[in-house]
Amino acid sequence: MAGNTVQARQRPYKPPVLGRGQTFDTVTDKIAGVVDREQQPRGWWIGFVIGFALLNVLLLCLGCLFAWGTGIWGVNNPVGWAFAIINFVWWIGIGHAGTLISAILLLLHQDWRTSINRFAEAMTLFAVACAGIFPIVHTGRPWVAYWLLPYPGTMMVWPNFRSPLVWDVFAVSTYATVSALFWFVGLIPDLATLRDRAENPLVARIYGAFALGWRGSVRHWHRYETAYLLLAGLSTPLVISVHSIVSFDFAVGVIPGWHATIFPPYFVAGAIYAGFAMVLTIAIPLRRMYDIKSFITAQHLDYMARVMLATGLMVCYGYFTEAFFSWYSANAFEQFMIQNRMFGPYMNMYWLLILCNAVAIQTLWFEKVRRSPVVLFVICMFVNVGMWLERFVIVVTSLHRDFMPSSWFMYYPTIWDIGTFVGTIGLFLTLLFLFVRFLPMISMFEMRTLVPAAEVKEEH
Amino acid sequence: MEAVVPVHGVMAEFDDATEFVAAIHAIKEAGYEGFDAYSPMPIEEAAEAMGLHGNRLPLMVLCGGITGFCVGYALAYWTGVVNYPLNVGGRPLHSWPAYIPVLFECTVLFASLTAVFGMLGLNGLPKLYHPVFNVERFALASQSRFFVCIEATDPKFDLEGTKRFLQGLTSSQVSEVES
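Protein sequences appear in the order of chains P and X. Heads up: the first sequence begins at 87 in our numbering, then just goes up one per residue. Heads up: the second sequence begins at -15 in our numbering, then just goes up one per residue.
Chain P extracted, bound-state conformation:
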């Protein structure tokens, strides 16, 4: 008892992050049980079939693109970036919440991250995979995309390291690599659990090979923990750098509406905002489908909604600043840009964006909303759409009317643009459902550290 009171005095009250009565076995059985079970729930099949169907749409769209070229898209002069870049930024931004949850919240000792970090990291990887498709196919000749990399070739040319597009190649490829490593390192002990639980020897061998012979030695754990913390420490600035560099693609250009110093923080906040919305979009159906509400509790939803509200308000501040500076700059082009955004031909997109990103999230001030899965899910959908619209507004409204009225032109997506975008959602869903089926979606070894029996009690 005495020990408890001392602890209570040292730490402010934190709501429990794990439902009552959990033991090592209940945690392991519940999470590994999802992978072990013979028949997946109906929700899994519905999700997987939809995802796989859309994945085929992606393959069809890319196949036609490779055959006929980017002419099938709606891109034109002056709107040369359009859907490909909108979708790239949207997907890569979604990925950022995964790294934030796994790295930054780990360094900040937020225990509640434990139940969501694994699938959030998986989400990061899959989102980066979807994002990576776009700049590559947008090059027009994707089969020579390797020209982006610095390699000693017979052409005797090198990438220009002063160009933001080259920075982007380095940032995204590093981000994909480090995210994959972080995810895999986190999986090693859990793969060992799956190896040891598998009844089929072939399954045991496959999981065993990926578990690298992990046996849970205290010496190994000691180095493992160090490596995990170091990776978290490295990922934290990395995640901030990646979206900053993505924003440089815009901010280093001279186009009105892009050439702004606010872009890096504004983009990073937007990325985390969109990412948390996507984590919730995935978590809410999953916790229902697999009945894991004692691991992902209403408290988790509440915390994630709070992060969403905070970053959403930062994004709103970004919108305000953009408008303010275009007025304050006394620059005719900047002033025209914001006026064109708000009242020009794409004004519907702008006001829909404000509705989704600035108005809808105000409901998150209420605890009842934050703890209600259904309402929260709806709000997350608003945010998902809103963040896509934000990139649309930034890319298209800035490009379609720049300095010279003679070069103004409208942009409309074609069926192929839309098909490719929807198709990447299919790729994302397919990968996500396969992940849920074959790998533990919650980190078992980290959940075990929250179980009472994991605590070493003082004997004296």
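Derived from the structure by calculation, the hints contain no laboratory data. Please read these numbers as outputs of a predicted model, since none were measured by experiment. We treat Cβ as the ideally placed atom computed from N, Cα and C, and that holds for glycine. Heads up, a few of these hints could be off.
[Claimed, not checked] Derived Cβ-Cβ restraints for the label pairs, each shown as a range:
#1 P:G239 <-> X:D138: 49 to 59 Å
#2 P:L145 <-> X:P(-10): 48 to 58 Å
#3 X:G108 <-> P:V230: 35 to 45 Å
#4 X:F101 <-> P:Y403: 40 to 50 Å
#5 X:L70 <-> P:N163: 23 to 33 Å
#6 P:P538 <-> X:A10: 18 to 28 Å
#7 X:P69 <-> P:Y403: 40 to 50 Å
#8 X:N67 <-> P:H195: 46 to 56 Å
Based on the hints, put chain X in the right spot on chain P.
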């Protein structure tokens, strides 16, 4: 060669982290050195009890990061200034502030790779076979139970004596580990 059945060591099983850490302390006090402990999750107190303090990993990662920075700088400088100088609006060729994003990414990439492969290397992984896997109940070491194995290479090791010693520490099973 001896004719006896080769034994890797003797293994004892524990129910929870408290018993486990107490057992490590007891084994240390009894003077054993060649032993290893296995748990289903990281336990800081267990590492302390085994006398593990710092490790070489952070230094390796620092070196990895510095290497990444140097490699990135050398690449950007040599390609942009020496091998393929490109005049962009008369700006200086060696415009190092524009290299910063790439240098940062290279630093993080090399440091992260060092952290992961350094950890695996120092841990001697991948190693798909290890004698402890011969114990059937050891499958629970990755799920719910804690194990300690005193290895036969320890100078104080004596099959029967060590067995009795471990039986005094745990209420659960003690078993021989075939090598």
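Comparing the hints with the structure gives:
no., hint, verdict
1, P:G239 <-> X:D138: 49 to 59 Å, "holds, 58 Å"
2, P:L145 <-> X:P(-10): 48 to 58 Å, "holds, 56 Å"
3, X:G108 <-> P:V230: 35 to 45 Å, "holds, 42 Å"
4, X:F101 <-> P:Y403: 40 to 50 Å, "holds, 42 Å"
5, X:L70 <-> P:N163: 23 to 33 Å, "holds, 25 Å"
6, P:P538 <-> X:A10: 18 to 28 Å, "holds, 23 Å"
7, X:P69 <-> P:Y403: 40 to 50 Å, "holds, 43 Å"
8, X:N67 <-> P:H195: 46 to 56 Å, "holds, 48 Å"
In summary, the structure agrees with every hint in the numbered list given earlier.
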